[in-house]
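One line per chain: the protein sequences are B and W, in this order. For the first sequence, the residue numbers in my numbering are 1 to 199. For the second sequence, the residue numbers in my numbering are 1001 to 1064.
Hints are computed from structural coordinates only; laboratory data are not their basis. Be aware that one or more of the hints could be misleading.
Stated by the list, open to error - Output of the computed footprint for chain W on chain B, the stretches with three or more beta carbons under 8 Å from beta carbons of chain W:
no.: 1; region: 16-28
no.: 2; region: 41-54
no.: 3; region: 123-134
To be verified - So, partial list: chain W residues that the calculated Cβ filter (under 7 Å) puts toward chain B:
no.: 4; residue: P1013
no.: 5; residue: L1021
no.: 6; residue: K1022
no.: 7; residue: I1029
All of these numbers come straight from a predicted model, not from anything done at the bench. Heads up, the beta-carbon is just placed ideally off N, CA and C, and yes, glycines get one too.
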Amino acid sequence: MNVKKLTDEQLVAHFIETQKNLYFEQLYDRYSDKVYRKCLSFVKDDAKAEDFTHDIFMKLVLNLSSYKETAKFSTWLYSITYNYCIDQTRVSKKYSEVGLDENYDLADDDDDAEIAELEAQQLNKALKQILPEEKSILMMKYQDDLSIKEISDSLDISESAVKMRLLRAKEKLRKVYLEGVLFWGVIIAKVASLFFSQD
Amino acid sequence: MPDNENPFKLIEPNGQVPENLKKALVSEIDTIRNTSTVIELFVGNFINALTASFSNGNGEVVEK
Chain B
1 MNVKKLTDEQ LVAHFIETQK NLYFEQLYDR YSDKVYRKCL SFVKDDAKAE
51 DFTHDIFMKL VLNLSSYKET AKFSTWLYSI TYNYCIDQTR VSKKYSEVGL
101 DENYDLADDD DDAEIAELEA QQLNKALKQI LPEEKSILMM KYQDDLSIKE
151 ISDSLDISES AVKMRLLRAK EKLRKVYLEG VLFWGVIIAK VASLFFSQD
Chain W
1001 MPDNENPFKL IEPNGQVPEN LKKALVSEID TIRNTSTVIE LFVGNFINAL
1051 TASFSNGNGE VVEK
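In isolation and in its complexed conformation, chain W is listed as follows (with noise of 0.2 Å):
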């Protein structure tokens, strides 16, 4: 069926999305990124804290 013949596509909005979506949904992105980045230096930093700790100069664990 052609373009034109369809009521489905002659009933199409032709609506255009604000601009300003654009960069808040690239901003929301970089905001998520930053955010799992922080945690995961703080929780890999934290379990090496921990790690080291509980651990001789070696690196072995010390049994308490």
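Next up, chain B with everything else stripped away, as it sits in the complex (with noise of 0.2 Å):
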């Protein structure tokens, strides 16, 4: 049997009936470069990306059993993937749900072109400076290109739930971004006002 060919469910399942490590290790060749680069994106160090990729692969192969076919399987193991970082990034301020109602039914919120217009280095700096809780919605939505449908699915909460989030990490980073962009602006200017004062 030529295990490259196989699905990632087939796969699974292979691994579950066999417990042959040839089935997992061709599920860790298939995504293991893209969860590495994903706890890459939360903290920046080799080691520590390579020893959460560690601990992600580890959980995978532990909870394998309750994997459900209603999903993707990239899309379970992105899950297990974010959540992993969330918890590890986590900060002690909790994600606040006041105000808002999550039940609410927000229309689809489509506007890619407002997410094109970012800058990569700047938004790359806003990342950073949101919470893990909404940078991984957001990188679930438009580095992954999951649906709605199945970002509730992995996070376990409702559409709606998932484009209120969505929305609300949206707002915080179009905020931090714009501050960061208008902080570079009024240094730029000072130093240009400077140069120009000398002349």
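Both chains come to you apart, so use the hints to assemble them.
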């Protein structure tokens, strides 16, 4: 049997049935770099990202029997990854749930043009300043291209709650992003004014 | 939104997971599997021995 031709779900089923490492190794080869990069974007430290990847794959093996084929394997693995990274990098400040009703039915928010306007380097800086929960939901939507339904399944919350969290995360990101842009704008203006006043 | 316009795709790090991690994981999985086999055998044999010690030759439990 050529394991390379098997789907992720078939590999999982074979691994549970036979317990042969061959199937796990194939899954690992397919996803280890992806998982490692996601960890890297949370911790920015190679050694820590390696430890996180190790722990995530161990978690995966130990919980493989609880995997249900209702979700794609990759979605399930990424949700383990995000949850693990959030737990490890969580700040003591709790996610503020006050003020907005998550059951409120929001319209699909597809203002992708606004996201496309963000400059990558500034965006990277802004992402470091928001909560890991907010960062992960934005990454699920815009980096992994998961649908609202897939995000809701992997986070085990309602679709309207996903939309609400996405909206809040985007607002926060936009605020932090603009603060960063404004900060550098002011600095450049100051330096320019000093330079020209000396002439 | 095309990938080359999506800033979230552009900021994705391009690191590669070290080679040794795969070996470490596989050997750890083997250890877990072997340990659980040993525990199963030990517990199973222990229970069998206990049952045998309380039963007579016909396999009936002797009441003391």
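key: Numbers of unmet hints, in rising order   = When the structure is compared with the hints, none of them turns out to be violated.
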